[in-house]
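S.K.: Here is what each chain is made of, one letter per residue.
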Amino acid sequence: MTFKVFHRHLTFLVATLLCTAPALAEPVTVTDDDDREVTLDRPAERIVSLAPHITEVLFAVGAGDKLVGVTQHSDFPPEAEMIPRVGGYSRIDLERVVEMDPDLVVAWRSGNSSSQIERLRDLGMNVYVSEPRSFEGVASSMRRMAQLAGTEERGEAAIQAFLDEIETLRLDYADRDPVPLFYQVWEQPLMTVNDDHLIGEAIRLCGGKNVFGHLDRLVPRMDREAVIEADPEVIIGGGMGEDRPDWVIAWEQWEDMTAVQRDNLFFIPPSLLQRHTPRIAEGTRLMCEELERARQRRAD
Amino acid sequence: MPPHTADPQRHGDPHASSTESVHEAPGPDTLLATHDLVIDIPERASGSPIELTINPGQCWGILGPNGAGKSTLLHTLAGLRAARTGEIHVQGRSLPEYSRARLARELGLVFQKHHDGFPATVLETALIGRHPYLRPWDIETAEDYAQARAALARMDLAELEHRLVDTLSGGERQRLAIATVLTQNPRLLLLDEPTSQLDLHHQIAVLDHIRRIARGDRAAILVLHDVNLAVRYCDHLLLMFPDGKACWGPTRTMLVPSALERLYNQPLGVGEIDGYPVFMPRPD
Amino acid sequence: MTRSFLLATGVLLPASLLAILIALAYGSVAIPAGDLIAVIQGEGSRLHSTLVLELRLPRALAAFAAGGLLGVAGALMQVLLRNPLADPYVLGLSGGASVGALLAMLAGLSMFSVSVAAFTGALLSTVIVFGLAHGTGSWTPTRLLLTGVVVAAGWGAVISFLLAVSPTAELPGMLYWLMGDVSHARNPYPAWGVLVLVVLLALPLGRTLNVLARGPMQAAALGVAVRPVEWTIYVAAALITATAVMQVGAVGFVGLIVPHMLRLVFGNDQRVILPASALGGGILLTLADTLARTMIAPEQLPVGVITAMLGVPVFLFLLYRSR
Chain V
0 MTFKVFHRHL TFLVATLLCT APALAEPVTV TDDDDREVTL DRPAERIVSL APHITEVLFA
60 VGAGDKLVGV TQHSDFPPEA EMIPRVGGYS RIDLERVVEM DPDLVVAWRS GNSSSQIERL
120 RDLGMNVYVS EPRSFEGVAS SMRRMAQLAG TEERGEAAIQ AFLDEIETLR LDYADRDPVP
180 LFYQVWEQPL MTVNDDHLIG EAIRLCGGKN VFGHLDRLVP RMDREAVIEA DPEVIIGGGM
240 GEDRPDWVIA WEQWEDMTAV QRDNLFFIPP SLLQRHTPRI AEGTRLMCEE LERARQRRAD
Chain U
0 MPPHTADPQR HGDPHASSTE SVHEAPGPDT LLATHDLVID IPERASGSPI ELTINPGQCW
60 GILGPNGAGK STLLHTLAGL RAARTGEIHV QGRSLPEYSR ARLARELGLV FQKHHDGFPA
120 TVLETALIGR HPYLRPWDIE TAEDYAQARA ALARMDLAEL EHRLVDTLSG GERQRLAIAT
180 VLTQNPRLLL LDEPTSQLDL HHQIAVLDHI RRIARGDRAA ILVLHDVNLA VRYCDHLLLM
240 FPDGKACWGP TRTMLVPSAL ERLYNQPLGV GEIDGYPVFM PRPD
Chain W
0 MTRSFLLATG VLLPASLLAI LIALAYGSVA IPAGDLIAVI QGEGSRLHST LVLELRLPRA
60 LAAFAAGGLL GVAGALMQVL LRNPLADPYV LGLSGGASVG ALLAMLAGLS MFSVSVAAFT
120 GALLSTVIVF GLAHGTGSWT PTRLLLTGVV VAAGWGAVIS FLLAVSPTAE LPGMLYWLMG
180 DVSHARNPYP AWGVLVLVVL LALPLGRTLN VLARGPMQAA ALGVAVRPVE WTIYVAAALI
240 TATAVMQVGA VGFVGLIVPH MLRLVFGNDQ RVILPASALG GGILLTLADT LARTMIAPEQ
300 LPVGVITAML GVPVFLFLLY RSR
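Chains as they are written, first to last, in numbering that gives the first Met the number 0: chain V, 0 to 299; chain U, 0 to 283; chain W, 0 to 322.
Calculated directly from the structure, the hints in this document are not laboratory data.
The model shown is predicted, which means the values in this text are computed figures rather than measured ones.
Backbone N, C-alpha and C fix where the C-beta goes; we use that ideal spot for every residue, glycine too.
Heads up, a few of these hints could be off.
Here are the computed distance ranges between Cβ atoms for each label pair [unchecked claim]:
1. U:142 to W:263: 49 to 55 Å
2. W:313 to U:161: 25 to 31 Å
3. W:166 to U:114: 49 to 55 Å
4. W:166 to V:251: 22 to 28 Å
5. W:166 to V:153: 56 to 62 Å
6. U:118 to W:145: 49 to 55 Å
7. W:199 to U:142: 51 to 57 Å
8. W:166 to U:98: 54 to 60 Å
9. W:2 to U:168: 26 to 32 Å
10. V:45 to W:163: 51 to 57 Å
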């Protein structure tokens, strides 16, 4: 037991001793990513998650058993598949949410419709809006959700593991030889990310250099010509599913590209990089390893 | 045909292209008068100014080849098109002084073509003739229905009042258009080829009725293609030449065969029936 | 006229109430009939009351108002163009309203300003379509309709462009402008205000529209001040369309189908057809949205999908029959 945790236990013990009545759960207040204060009289017991990655984060911080409703495609961890659905994230079935009578709804700002979030607030629900944009954001999201769910202890452990993993990767790879890289988010239209994106952060952390990192838009649409001209050393892509690297393979027709000649076309399952959950550490590790492989191929 | 009751007027000389037509001066009862009127036909550089005076009891016929501007003249007289120059007075007041609704009570127009945007019944179609008399919130009264039905009966359409207009034959549709203007009951009727698509019997029935209406305090202007019907039913004629020239005057003074031949660019033979001249086209 | 007016309201008013009742009764959560009655009497459980009164009722009212507005807008445009294919969607009014609203939303303006921008967009569309079609003097309904179709396509491209350049975070709230969706509907009462106002205005204008349906020349000869009436209709149609688009985005087929069907039953007196289109459009969109909410619940469909799925076959059938 670390000193911090011990200290908290001690405080709790003292508090209990000072109170004559049995301790009641205390109100929790956190600030969400919309800068709104969300206050619960007591830690949430019935939570509805409005996006697959939020479901994942809640499981990661130990609040999975408090989830009473999730959106379609909440497929990780496998237990999430058993939880009743409330529609797709872009169009929530509000009736189901109301029926579930949650004491906390966790919404996704860039995925859910703002008018539906507003509607839930109007109905008197506690809505926490989540929009992590960085590794630090993912960690802080986890921390706040753990606070709301009253699972700080499990949460803190998960956060620590996540941050440790990220830090390890940073120390290992960040200062290695830069590898020019193109990350493909989507095929039609062809889309990538810029440096401000969480995936951009992962690329830097692995010692990669995003060839389109300087673009203004978070998720720019690309012209294939621009990619060929930029001639990245590595192309990394997600895909429609977890084991369909078709998009990456499609680049093989441009045989003059450095990435093709050196066979530096790598597939990383999109759920490991494109969902803002602690699993992104795992995706980042895969990316770092692929970049290292590319560095070794330079010698050949 | 009744003898002309109007004052003797100098008529245009049909041989010279009529710029000398001098018209009767408008009187207090005059229904429609034009002064220096040149209709606006885009491709036509010039035209002779038309000076018409239409008095109660008169029935005017407009004759001319295709494209001479007969319909354009009717539309201009009804205020639906701007004239190039000149003025039009309806019952002594100039046309722009009228609101459309007020004008529609004085002056009714039957078009050559009839547009039925959406299917409506024969009775509904005749009933829109009452529109100029009703205020926005008014609903047609029994009296309005009675007038529409009377007009339909006049045009032999009483049996068809529940038929949809798009199921009518061309002649039936034409009679319905006339029934609509009869329901409208204006003092001056402008009719663009009222006999087109009608069988012989109905041509005569329609013209008889118009003639009857135009005998009292009303008047009619008819665009006709049949010179002989015009001779029989109209007391005044306006001849419109394709070059924009026009001449007008009492019918008997206008029936110069050479002028009519030039009007239609068609040799004509002349005969006589019941004291009326009859013109028959001759093949070249 | 009086008879078919009474017939139309006699049939459509109860049908409207029934449609709203159906929208209240069905949802992804089953509520037994007895409980529904209890809720209506003010005695239902808290859950059922929330579901029926706070979720289903405002949504049904929003759908009804928007559908009614679209029905009236379609009926008005069809009379104006003497063409049963005319509709605010086809003529680009919906597109203009969507673009106006999207731009205002991207600029971060208030909801009121967004509404004003939507109206401005619809009106601009009107001016462009009418102005272009009038440019060379005479115009035919076909020419006007073609101009409208092209302008509508242009707005579609502008919307796609705006969506392409907007921040990804804004997309979910914007896509519905393209397909029409009641789940985003806000307060339905302004739309109801406009609907009632429009129907009250349409009634005295109805006979004039009957005359106008015979063509502008014939109408003028029968005492209609054609140009002012035409512009009144265009401005009204722009206002109506913008109000509907603000509620539910660009729903396409209501304005096309509803007046057409009603004409088959009630004849073509605008004094009957306009109020009937308001009720008929409301009924159609309310029922369509109930389907959209329940068909594959908990997945929710945009109502534009349902109206298109209902509208396309009905429309093709009407077209086939009118050959």
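S.K.: State the violated hints by number, sorted upward, taking the hints as numbered earlier in the document.
M.R.: 1, 4, 5, 6, 7, 10
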